[in-house]
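J.: Listed here are the chains, written in short residue letters.
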Amino acid sequence: MYRRWLWPTLALPGVLWLVLLFVVPFYAVLGVALGKVDPVLFQPVPIWNPLQWNVGWLTEVLGRLAPGGIWFDVEVRTIVYVFISLALCLLIGYPVAYYTARHAGRWKGLILILLILPLWISYMMRMLAWVNLLQSDGWVNSVLTFTHVLSQPRDWLGGSASTVIFALVYGYIPYLILPLFAALDRIDRSHLEAARDLGASPWSAFRSVTLPLSKIGILGGAVLITLPMFGDYFTPNIVSGSPKTSLIGNQIDLYFHGGPQPTIGAALTIVLAAFLTILMLYYLRSIHRAQGEGGTAGAL
Amino acid sequence: MSTVAEPRVAEPSVAEPAGRPQPSTLTRLRGWLRNPWGKPRFLVVVTWAYIVWSIVPVLIAVLFSFNATRSRTVWDSFSIRWYWGDPVDSVWHDPTLRHSLVQSFKLAGADVLIAVPIGVLLAIGLARWRGRGSGTSNFIMLFPLVTPEIVMGVSLLLVFTHLFTFVHTGTLAQILGHVTFSISFVVVIVRGRLFSIGRQYEEAAADLGASPFVALTRVLLPLLTPAIIASAAVVFAISADDFVISQWLSSGAPTDTVPIQIYAATRAAPLPSVNAIATIMMLSTLLIVAAGFLLWRVFTRGERRGGGKAAEDFGSAFNLG
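Sequence lines, in order, name chains A and B.
Residue numbers for the first sequence follow this note's numbering, beginning at 997 and rising by one.
Residue numbers for the second sequence follow this note's numbering, beginning at 9 and rising by one.
These are calculated hints, taken from the structure and not from any lab test.
Where a beta carbon is used, it is the ideal one built from N, C-alpha and C, also for glycine.
A hint or two may mislead.
[Unchecked claim] Between beta-carbon pairs, the in silico distance windows are:
id, chain 1, residue 1, chain 2, residue 2, range
1, A, Thr-1273, B, Phe-203, 22 to 32 Å
2, A, Leu-1207, B, Ala-76, 47 to 57 Å
3, B, Thr-33, A, Asp-1184, 28 to 38 Å
4, B, Thr-233, A, Asn-1045, 24 to 34 Å
5, A, Gly-1254, B, Thr-104, 25 to 35 Å
6, A, Leu-1012, B, Val-82, 29 to 39 Å
7, A, Gly-1064, B, Phe-86, 56 to 66 Å
8, A, Arg-1281, B, Gly-117, 19 to 29 Å
9, A, Arg-1285, B, Ala-261, 48 to 58 Å
10, A, Leu-1146, B, Ser-79, 16 to 26 Å
11, A, Asn-1045, B, Ser-79, 19 to 29 Å
12, A, Val-1051, B, Pro-95, 17 to 27 Å
13, B, Val-175, A, Leu-1008, 45 to 55 Å
14, B, Gly-143, A, Asp-1184, 57 to 67 Å
[Stated by the list, open to error] Partial list, derived from the structure: chain A residues whose beta carbon lies under 10 Å from chain B:
id, residue
15, Pro-1035
16, Leu-1129
17, Tyr-1166
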């Protein structure tokens, strides 16, 4: 009896904590988003009974997100920014992870520590560092005008899309490199030797062995940085602050912090969470498939 | 990218074989100039350029925290004015900055004290519990790791304003929020360790007559010490770094943390004192993580396969991807 109850009892405090402070709060968002709004005070009046839920606010939000709606531009911008940032992160991150896993030799330990280091430096500190450098009289403008890349200093922090994408890449890339490294480091060198022995060129060995075997790392890292990027609002606020670079996260932030109606913010949060859940399910399915392919490659 | 795989895909050994004379720096440099795309040269350049790019801006920000003037772009001379000297705007004398530092440490400390024990027990429980409810619990545990912070921030704010109204926004709400996103990190780290030590020690203890509880406290928990230390360091770091949850659950100026101050200041006109407070926070976090690393080394002595492996093991304990 006691043997059977020991393990669930150990897990109980944690499970209870997560139910009360993770699952129930999510239900609170549903209750508010699908609730009513006080006609006088404009304060949300949550409805806890699912049978009485009112989908009015949710359809209102979906209408704003639909083509022609007032949030359509923001929505497209968010998706474009996230995918450009993701592509740049992969383009920079893959060679770095590849080198560290394959060729770093005796430098491997040091390089790994240097790759992990940014994870222990606060995100805000790293953004502050770039805000300082990108000031109109900052070092970036000094260097660029000195080398005549720019004829006069540029206003980097006044609502530039490229600055926001740059900041997103800078902020999130360390989280991508580590899973990539882990996946590349796990690859058994004998697979590559086998491919080369069978006559594959280095490039085709890379394409048909290394790349498929690192697919899980690519997907895992991509999801790890894409999900938070979709909910980001502070990065554009810090390096731009302009409505021209505002993302979905900024809309949610606006509707809660000083905005008129938390109900609309809650409904938008539900839509965002649903979208990210679909992304997550797609990832899980791809992982499943990649593992199947990995199995075939492993049988080489 | 075609050159990426070119070099030594087929050669298992990366290091130069012993005995062969090392080429001089000059010869190597000439080789580089003649063919910058050969071997992994392209990769070396990308990797080190990335490392410089990722770390040097932060070092420059640290440098300017010691600037003697109000400028964060023009270097004047070394001074600790923004830490101590300035009677109004230094970290020590500006009450807003000082309070935010205290608040950050308070939240991180409380988070470690609550999230680590709960997470360790949850990890052991989930690893051994094979019954109804274990699958669901595992599933719930993984969710906070992939939920964007803004979704968590909104849901915690709404639950505290509409359902658990006895919890007001402020320090208590912030601690509850921090623990909620920290527990899963502890579970992932401890579970990795549980997996690597296996069940044989517990089984041996059981064969020698120990009850499951005794096996747990006398055998399993001591073996988990490195993971407990690592997770305490990680929880401290993620709590100190957290911006979103702290901001959403803050009740205003007295409960603003250091990241909130940095965020607010960069959007206004910051003084080097913001660089100074960011530097203090960064050094504290790095110190705690470094201490965690050293303790990890001490506790896993004898388990390591090779010298350089320790950093990797520690890295993988910290790599939550």
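J.: State for each hint whether it applies.
T.: Going down the list of hints, with the structure as the test:
Distance hint for Thr-1273 (chain A) and Phe-203 (chain B): a CB-CB separation of about 28 Å, consistent with the stated range 22 to 32 Å. Separated by about 52 Å at the C-beta atoms, Leu-1207 (chain A) and Ala-76 (chain B) satisfy the suggested range of 47 to 57 Å. In this structure the hint that Thr-33 (chain B) and Asp-1184 (chain A) lie 28 to 38 Å apart at CB holds, the actual value being about 34 Å. Between Thr-233 (chain B) and Asn-1045 (chain A) the beta carbon distance is about 48 Å. The supplied range of 24 to 34 Å is therefore violated.
At roughly 20 Å, the beta-carbon separation of Gly-1254 (chain A) and Thr-104 (chain B) lies outside the given 25 to 35 Å, and the hint is violated. Checked against the hint of 29 to 39 Å, the pair Leu-1012 (chain A) and Val-82 (chain B) fails, with Cβ atoms roughly 55 Å apart. The given range of 56 to 66 Å is respected by Gly-1064 (chain A) and Phe-86 (chain B), whose C-beta atoms sit roughly 58 Å from each other. Between Arg-1281 (chain A) and Gly-117 (chain B), the C-beta spacing of about 41 Å breaks the proposed range 19 to 29 Å.
As the Cβ distance of Arg-1285 (chain A) to Ala-261 (chain B) is approximately 51 Å, the hint placing it in 48 to 58 Å holds. About 21 Å separates the C-beta atoms of Leu-1146 (chain A) and Ser-79 (chain B), a value consistent with the hinted range of 16 to 26 Å. Checked against the given bound of 19 to 29 Å, the beta carbons of Asn-1045 (chain A) and Ser-79 (chain B), roughly 59 Å apart, lie outside it. For the hinted restraint 17 to 27 Å between Val-1051 (chain A) and Pro-95 (chain B), the CB-CB distance of approximately 58 Å leaves it violated.
Between Val-175 (chain B) and Leu-1008 (chain A) the CB atoms are about 21 Å apart, so this pair departs from the stated range of 45 to 55 Å. The hint said 57 to 67 Å for the Cβ distance between Gly-143 (chain B) and Asp-1184 (chain A), and at roughly 32 Å that hint is violated. With its C-beta approaching chain B no nearer than about 18 Å, Pro-1035 (chain A) sits outside the 10 Å limit, and its interface hint is violated. Interface restraint check for Leu-1129 (chain A): the shortest CB-CB distance to chain B comes to about 6 Å, inside 10 Å, so the restraint holds.
Below 10 Å, beta-carbon pairs count as interface contacts, and Tyr-1166 (chain A) has one with chain B at about 7 Å; its hint therefore holds.
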